[in-house]
Structures are given as C-alpha cells and as structure tokens.
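Whole structure, please, built from the sequences with the hints as guidance.
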Amino acid sequence: MYEFSSTEFKFPSLEFVKFPNVKIIPIEISNISARKSNVDNYCDSFSFPNMGTVLDNRFIVWKSEESNLYLQEYSTERDLQNSSLCINVAPSVIVPGSQISFIDNVLTLTITTQFAICTLDLTLSEDMVDHLKSSSVLSFFNGPSEHVLKRIYNLKNHGPYAVRACVASPGGLSPHVVIYLNAKNEAVVVKIPKAGFQNLNVEETNLCSTGIMEYFSKATEDKKVLDFHAISTSEGIYLVTLHNETIIKLWYISNSCTVVGKVNVCEYFKTLPSSINKIYVKTATLNKEKFAVVFARSVCEKSFIGLFSISGDGFDFCCQSFITSKSLDHQDFIVMPAGKTFDLGVNLFILSRKPSNYKIDEDIPIRQSYVIEKCWINTKSPRETAETISIVPVVNIYDVPFLKDIVMEGDSSEQTAFYKRKAVAINCKMSEKDVPIDDYLALRSLIKSYIKSPKFRQFAMGTPGRKRMFDNLLPHNMDVALLNFWKELLQTCYDLQYAANEAIGLWKAENVGLIGGILHNQLTVVSDGDYALAKIVKNVLKKSDLKSMPLNQLANNIERQKKGIVAVNIIEKSKNVKFLETLHDELLQSLSLLTFEPSKLTNVVSTSTYIESSFTVDFLSCLLRNLVGGRTYFASRLLDIYKSIPKCQGNKIVKESETIKKQLDQIKNLYGVLFQTLTSPIRTGGKSHSPNIALSTSFFRYIQKYKPTLLMEPMVFSEYSPYILYLNNVLYASIYSMYPASLSPVFLKYFITTDKFDYLVEFIGKCNDQAPELKYSNLLCNGLAYVASGKISKAFTSILSALDGLETNDVALNNLLTQLLSTSRYGENLTCIEALELLINYFMSKKYYEIAIQLGKYSTERIKVPAERLSSIYNLLFSVYLHKEDFLSAFECLKNISNTEDRSRCTRLIVGILMEPRNRPSFISLTIGHASLEIMEQLEERANDCDDLILAREIYLFNVAFMAKRTKYLRAAYNMYHYACKLGQSIDSWQQLQKLCKALSEAKHLLSLSAEEKYLNIKEDLSVVYSRHCLDTYKVSEEDIMKQLMLSEARLALMDIYQTNSLPPEDKETLERELISHNLFDMAWSIIMYFGTSPKRFFKIITEQCIIVEASGSDTTPEWVLHNIKNLKDCIEMEGRHYMILKCYLEQNLSTNYCDSEVLRVIFYEFLRYDFPAPTWFVEIFTQRNFPEYIRCLLEYNEIEKAYNALLPAIDKAIGDVGVHKKHNPILPFTTIQQFLYLANEGHLNKYAEKIETKVMEYFKKIKNVQIALKLH
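Mind the numbering: the sequence shown is residues 1 to 1273 in full-length UniProt numbering, read in order.
Hints in this document: simulated from the structure, not taken from any laboratory.
You may find that some hints are simply not true.
Below, simulated EDC-like cross-link-like pairs (lysine to aspartate or glutamate); rule was C-alpha separation at most 16 angstroms, straight line [claimed, not checked]:
(1) 1143 to 1049
(2) 354 to 329
(3) 1100 to 1012
(4) 998 to 954
(5) 36 to 66
(6) 302 to 387
(7) 1143 to 1115
(8) 661 to 640
(9) 288 to 245
(10) 262 to 289
(11) 270 to 384
(12) 23 to 65
(13) 290 to 343
(14) 1126 to 1189
(15) 995 to 1056
(16) 1202 to 1180
(17) 448 to 434
(18) 290 to 329
(19) 133 to 65
(20) 150 to 186
(21) 1035 to 1012
(22) 1202 to 1217
(23) 643 to 581
(24) 1143 to 1196
(25) 995 to 1049
(26) 995 to 948
(27) 995 to 954
(28) 538 to 479
(29) 452 to 479
(30) 224 to 186
(31) 1096 to 1158
All figures in this text were calculated on a predicted structure; none of them were measured in a lab.
What follows is the structure, encoded as structure tokens:
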C-alpha cells in the first residue's frame, strides 16, 4: 500500500533540451594516446541561494558524457530563455567532479578533465538584472567573451591521468581548490588563484607524499584514496578521504595539507570489514552546519550511515543509524534536513539499481531500471534502525477500473514515440508500418478500432484463464478484457523503455526543497504523498502497532475464503482483527478528510507566486492527477475489504460498515470521475499531429493566465520550503475546487472560459448519479453542450428544465450560472428572469445568437415582468440582434425599449454599427419607420462631433444620402451646407478647397429640390446641424450658396495656376483681379455677371490678349484660348477663336446692358492704343450701337482719316434715307461732325472737312425740301 508515500514524477518541463546551444572550448592533450574515453557519466546540481534577487528559486543541473558537459537551468517562478548549454572540450574527456559555485556575485563553472582544469568565471552585475528576469544565466557563457573569464590549467603532476575530482570554492581571497584522484588512487590538491590574482602561482600537492616520516612509517596501502569529498567552511576547506581498511581521514587543506581527524568505519559501526560491501563518503550542509556523511552498504539487508560534524579539531560524532533497504546495489545518496533544526532529523534518499522482480506492492511492479528510496533518520536517537520507503514512479498508472486510455502528455521524444508505436503493434497484432506515428488521434482511432474488432473479441474470449483484477467492480467480462488490454499496452511501453530509464545520479535544489533523479534524457522530481491519506494511514498503523497496511494479505485471505480454501472465521482468528477495528474507527472519524464542506473553506490561497513557470504548471498537474488517482485507488481497495467483511463474521465492524461503504463508494466514484476528467487528453493545436496535454495541465495553464484565488480548509503542513508550501496550498485548494459535489467557481470558470463544454457535460453527467444535487446543473450543462453542437431546440428545452432548480435555490445551479460571465451583478440566488438575462448575455458573448434570441423571446412573451424589467429584456435582445447583424429586428426591439436613456444609447449604438463601411449600403435602404427622426438626429450628432474633417466628410455624405433616400431634401441641404461651413473654417489645401466646392454645389442642388422653403437658417457657431427652428440664426438663400460656390471655384482655379500650396484670398475684388491677370476669363466673367461688377478691366485685358494673338501670327493656339471655351457657341475652327471668345463675352454683356457703350469704348481704345485694326464684327456692333461714340473714339486717337471714312458713308446713307414718306428721318451726329471738322481743319486735312461739310449741307438741303413738301401736302 503506497498511496501516502512519496512519488517520483516525470513531465515535459523536466526533459533535457534536444538541441542545446553549443560552446566549444577545446582543451588540448599533449599525449593523445594517454586519453581514456571509458569514463563514467556524471551528474550534479547547484541551486542559487534565495536572497531576494532575480536568481531566487533557480537551480542548474548538469551531466557529463565524454567531452560534453550538458547544463540546464530551471526556475520555479518563470520560464527562462536559452536555458540549456552544451560545453564541448574535445579532445579532452570530462571526469566526474565538475562543479558550479556562486561566491561574491561570481558564478564559477569548473570543468575537470583527465589532464586539465578549466574554470569559467562570470561576474554578475546589476546591469544584467533585466536580462536575467527572462533569460538563463547560462546564456552569458554562450555569449560575448567579455562577460566570462576563461582559464585552463594543465595538471603538472606527471602521474597517471585523473579519474575523479571534487571542487571547493571558499569565500574571500582564498584560492579555488580542486582535488583530483588519479589512476593510482592518489589524491592531488590543486590551488588555483581566483580571478584578479594572475601573478600567483598554481599549487599542486600530492596527499600521498605530505610527510617523509609518515610516508616511511605507514603502509603504502593506507595512503591509497578510494573516495573523497571536499567542503568549504568558515574556517577553511576540509577534505574527507576514504582509504583501505575502512579508514576515513579529515584533511585541512586551506594552508598546509594536514590530517586533523581519523575514523575506522568498522570500529565505529561495530561490524566486520567482510560484512561491508562498499563505503561512500560525502560532505553536506545541514541546517547551516558542515557534516561528513559516511554511508556503508552492507552485504545483508542492513546498511549504515554516520554523520560527523566537521571542525578544526577533527570529526565530532553526531548521529549513527542502521538502514533497512530492499535494494542493495546503491549508486548514489543525498541527505537533506527534515526541518529547520538538526534535532528534527535528516532525510536520506538512496538511488539503487532495481533488483529483479522488485515490487513496492504485490500487484504493481516497478518497470524501470532503478529505484529511489527514502527514510527519515532520527538524529536524537543514536544507533536507531530506519526502514526505507520506496518512492513510487508516476509511470505506474493506478490500477483502477476507470483507466480507458493512455495519456501521452507533451512527450516529444522520438525514442518514446518509437516505443509507443512498437508497443501498439505488438498488442494490436499488426505490423509496425501500419501504426501511425506523431499523430495521436490516428493512433487512438486505430487502437479503438482494434478493441471493437472481432479479432479482439475472439482473443479476449479465448483466454478464460487469464488473471483479471477487480472482477467484482466490473459488470461484464468484456470490460475486464478491455482493462487488461490497456494495462498490457502500458506495460509493453514501459518494458520497451526500461533500458532508456537508467538513472545517472540524484540531484537536489535546497532553495526550493526539491530532489529527484537525473536520467539520460530528463530529470525526475520527488514529491511527498497525500496529506489526508497519510494522516489516516499513519494513525491506523500507530494504533494497531503495524509497520505497513496489510490490505494485500486481507484481500488474498478473503479471496481464498471465497473459494473455500480456508475457514470462514479466518478474519477473526488472524492478527488483522485489531487492524480492521482500528481502521474502521479511524475511517469513521477521518474519512471526511477526503471530502469537504463549503462552509469550512476559509483559507484564501493565492496562485500568482510561482505559476508563471511551466515547471510549476507541469508539476502541479502531475501532483493533482496522482493525488486524485491515489484517493480513487485507496477507496477501491478499502471497498473491496468492506464488501467482504460480513461474510467473514467481523465483530462490531459489521453493524457500522454500511455507512462507511456508502461513503467509500461515493468517494471512489466521484474521485474516479475526476481522475478520468483530469487525465483526458486535450490537443494543444488545431492539426491532427499537434501534441496533447492532460486536462489537468490545461487547468493549471488557465490558472497561470488568470491567476484566480482559491479556497481551502485550514491545514497545517510540515516545515516545508516556501515553494513546497505553495505547491501544497494550490494542490489541496485545487482538490477542493474540483471535488464534484462542490462545483467550485474556479473549476467551472475554467471549463466555461476555455469552451470545454464536452468535458464539463461528461464530468457533471458522470457525477450526477453520485451527487443528486447536481441534477439541474447537469441539465444546464447538457443545454450548453447542445448549443455548442448546434442542436438549438434540445438546448432550449434542457435550459428551461434546468431553470426549474432556481425555485428551490439550487446552490450548484446558481454557482454554475454565476460563472458564465466574468462580471455578474446578481446575488447568490438568481431569479428566473435574472438567469435568462445572464444566459442571453453569455450566449451573445459566445456568438450563439439563435439560442439567445429564443431565450429573449421566451422572456418577453411567456414571463410576466414589470415594464421596467421588460424594457431591460428588450434592450438585451436588441444587443443580440445587433451582434447578429439582424438590424431590422433590432429596430423592432428598439421601439419596445421604454427607458429613455437605454433607448438613446441603443440608437447611438446601432447607428455606430450601421455606419461601418460594410453596413452603410444596407443602412440607407433599411426601413426604420418610427425611428427615422431619432436616427437622423444621431447621424447629425455624429457628424457634428467629428473633429476629423476627413472622417466627417464620409458621415455628412452618408447623412445626405440617407435623408435624400427619404426625400428629406431640405434637411439634407442643412447637413451638406453645415459640412461646407466647417470646411471653410479650416481650409489649408487644394483638396479641401475642392471638397468645399463640391459640398456647396450639392447643398445648392438639394435646396433647389426642397418642396419647403428655399433658404437655410444657420447658426453662427455651427453648434447645430439642423438649425431650421433655432433662434439667433441668419438666412442663407440658394443665391448666397451659389455666390460662395463661385468664389470657392475661383480660388480653386487660381491654385491650379499658382501650382503652390498657398491659398488665394477670399476677397471678391482681389479674386476677380487675379483671375483676369491669369487669363482665367471664363471664371472671372462668371463672377462679373453674377455679382454685377464692372467688366471694364475684364474687356481691356482680354482685348489686349486678342491683339497679342492676332499680332503674333503663330499657328500655336495660346493656353487661354484653349481653356476659356465655356461661353463659345458654334465655333469649331481654331482660327479667330480668340476674337470669338471676346465676341461671346461682349454679346452677353450687351444682352443685359444694351446701351452700355462703356465696354465698347474700352475694347476700341485697346485697338486704337495698339494701332491695331479692330475686327469687322466689332466695328459693326459698335457703329450699330453707338456710331457717334465710335467716331469720337477715332477722333480721340486723331484717326481723322478713319473717322472721315466712317462718317462719309454714314452721311450718305442718312441722305439716302431722308424722304417724305419716312416716319422718322435719320439724324446726323452734329456734335461729333463739328468735332471732326474742327480736328480736320486743325490737322490741315481741309479736303476731308470740305467733303463732309458738303455732304452735311446736302443733308440739310434734302431735309428742308422734305419739310417744304410736307407743308405743301
């Protein structure tokens, strides 16, 4: 029986890195032929002292293989990067004895080889702290050389090569000491100066030649050293050596190498040399005291151990004990203090090669090549006999009837995968090539296919003589066959890996209180057994005066009794009656330790201290599975006994056993279900070949991520290290959180947060029979599982049935419901409507919208609730529809929300979602009916609140489209003009000016479409978008918008001409002047026409440009002629187009100002100024509109001849037009003619004057004749 014993664990974090970083430090050998490669592998460990630094709770383990030293650092607080290192010293060979020391912030790695010593000194400083928080200290050895001082010392002693070594590093300035043992069994002391003392010489001293007189007076055999170990104390360095004839000496080697103590082991242990097989010597620090430890392996069952205090006066006897061990082939041992003082004893751990057929329990053999044993040595009682307890390897799965699968947790070893593949091939009777590798699901599927096949059934039924365990627990023989198949498959795996599990030695980390074995490819770690079971069993053994639980003997006797081999009353006559009665009494009092009551969970346990480390997570996972499996096994064994007690005619046990049987049966079943759940494999990745972890590991990774607090009953543990105390607290608090009847929030939260509904359903479903209080929780979990599988109808039915438990204030159901969400505003006992709200919220968070909608509709249609609560339900249902993107249904819910604040918030929320780019098309076409006004207000509020004009533009444009779709043109115009005003306040680029033009143009267009008023009421501060009914506003008409648009377009056109980022002015006059100056005549003309300003300068400049074009005679058309074509009509040819542009502008001007001769005069002045002939069409227009003005213009520029040429035909025409029958006879411009006559005479052009005078007289004469004729008539 071993449930309460210590256990040895293996888990992924303990594996050595397959491909570590390699540091090559070649140590040459002068005589390569002297190199010996058959050196034993060696291992050791070092732990940093816990001093409140970044190195706390860290330790380093190493092993040597020929020329390679493999080191790996572990931390129980956090994961470390670059935590592995391989140092290669080829062609040298490393001998046992390499060591690490840490003194005065200097980490020294000493590598001992056959012919040389290599030391690597790493000085740690504060600058390295940040790096060391996440990285291993080993990373510095593989990094830049400036951090590490390397020294190599070649051994000068010309004797044989070294076979072993030990190292001692004192503090202060004392030299580094290495003692090596050569092939002649001579111990040589080497003193190497520490870093910074290069001028000091290295000293070598052979202990076999320390004194001439002693050398000749003593036998040579007495000088041979068989074993040795060194230790550094405050006084100096001491060396313990083992010699022939069981002599042990103590040397003080700090100054001179002198013997200060001597002990004869045989005399000390009072035994003969022939009874001792082998003696080991070590040194140890126990409770800050220095000891020499002598362990003598006997040829019989008993071994001996002695502890001697070390001082300058020699050995001081402290303790001696006899050790009873099942194994005699010891390889290594370690002693560790059992408490804070030496008086509390010492724990001894022994590593031995496993004897053949070695068993801890009659039914469970050890399937590995070594065994670790442990015993406690009473330091107060000399010469006491201590019996070792074998530490159970975790690879021996508990033989319980619940084992149905193999947990292959994170095992990436290729060798292990090979063994598993071969084991499956052997047990499934198939070829290895047919067995998949690196694909757990495929492998599992193959095994399950085999056990369902006729081949397996035939095999199972054809072996009736096979031994089957626990037949009484299994209802069918096929279940027995399946159980045996899995056991045999596991055993085959273990047998195939037997050789690979050889141990090299033991390791310890005193700073965290851990110890274990070092194998070739990984570590193991030892942990104490179940606190509760240990308490029960120890009390039973103490009261019944037994050393071990005789359950196996009782089980065998009961089995023989059933078969009639022994008498019926064998139990009463056996010596075990007292044990049974004691066990029964103890179980009546202490069986409650394996269960719990929620009211007793008063201790709060923090999980955050060490949980960041994968080492701690994996360790807790193993501990938890082992503890649960152990309790299951323990209850099963006891139940076997109790079921048979009535047939064996027990005494008072028979009367009270029924109560205990029920308790044991429930404990066995509930812990069995928990064990199955915790060992369930979970794939860590999405691919079929992704590695698997146990559910227990997944749970502690959840703890690692969220760091919840746990609750537990008050428990008093032994004096453990802080780390071990943390493990125990978290472990037992986890048990309390997981025990099925409790359904603690933490365990439930794990299932829910990680979406492991299927595991939760299976877990609670299996517990339901043993714990009726889980009925409604079971229904709810089934409902959750149906939802996850898409069976909404079944899920709805299960959930409603589960909610019936709220009427009885079901604790488990309330507990489960409140864990569905991370934050819950409800109390401990939920009402039906509160539970429905909680479930709707939960399903919405998991995107299970269909079931959430069904529950929401059920809440609003089938349950009578107050109006305020009903509004809250609609509010929640609205959120579901919103997440589902069923916006039409969301608007239907919106109209049922009576709470004003909630309604406003929901409106803002749905507007925000619908305003996402992908939803905008559907938003525009969405039928929202009653909510349209609120929606438009929200849209305008969003637009007005947006300070980013780039984003605001999209919102305003959407608002306009949304409102125009609903024929709200006036409101759309308000939005667009509001956007234009905001743009106008901060224009700083061509792009923004362009957007302003587009916005104004759209606003004008929308206003023109409005069937309401044709103006906008705008607030000065633009605080309101739709300011139609606001006070303190100013009116903006369509014409006003057009004016703003034209000015903005003018500025935009000028920016194109400027080709810079500078903005043109906003002043109308300046803009007009700039446009004309840059030949932007179309734009300038539009402003002149719309604003009614004087066009004189405009016509002056364009006439000037026309003259330049005409005068150049170039075939290339100027840019301004090509661009200013807005007003051209029916002008296809490019020739003369410049005059056509001028003509169009002039005609438009004259069409609105028919009698405006000012413009004509401005144009004509330019032709006259440049002495360039005006085009015929212009002269025609001018003479037709104002002939006198035309002549005056010519006269102003002294163009007498041109004036004559114009006047003469005009007078002739007038004379010709005079007649009796004319209603109005033409009138000559006499003032202009007089001016002409004056200037012609002054210019000595009398002939022109005379001709004109003649014609004028002729005109007057004809006028006179007409008047006479009219009078006569």
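Hinted pair residue 995 and residue 948, Cα distance within 16 angstroms: 14 angstroms, holds
Restraint check for residue 1202 with residue 1217, where alpha carbons must lie at most 16 angstroms apart: Roughly 23 angstroms between the alpha carbons, so the hint for residue 1202 and residue 1217 is violated.
Given hint residue 186 paired with residue 150 - CA-CA distance at most 16 angstroms: Answer violated: residue 150 to residue 186 is near 28 angstroms, above 16 angstroms.
16 angstroms Cα cutoff - pair residue 452, residue 479: Distance of about 12 angstroms is within 16 angstroms: holds.
Given pair status - residue 1115, residue 1143, alpha carbons within 16 angstroms: Status violated; Cα separation ~21 angstroms.
16 angstroms limit on alpha-carbon distance, applied to hinted pair residue 354 and residue 329: Roughly 8 angstroms between the alpha carbons, so the hint for residue 354 and residue 329 holds.
Hinted pair residue 995 and residue 1056, Cα distance within 16 angstroms: Between residue 995 and residue 1056 the Cα gap is close to 15 angstroms, so the pair holds against 16 angstroms.
Given hint residue 289 paired with residue 262 - CA-CA distance at most 16 angstroms: Roughly 19 angstroms separates the two Cα atoms, so the pair is violated.
Distance restraint between residue 1035 and residue 1012, which requires alpha-carbon spacing of 16 angstroms or less: 14 angstroms, holds
Given pair status - residue 343, residue 290, alpha carbons within 16 angstroms: 15 angstroms, holds
Pair hint outcome, residue 302 versus residue 387 [Cα-Cα no greater than 16 angstroms]: 9 angstroms, holds
Satisfaction of hint between residue 434 and residue 448, Cα-Cα up to 16 angstroms: Answer holds: residue 448 to residue 434 is near 15 angstroms, not above 16 angstroms.
In summary, the structure is inconsistent with hints 1, 3, 7, 9, 10, 14, 18, 19, 20, 22, 24, 28 from the numbered list given earlier, while agreeing with the others.
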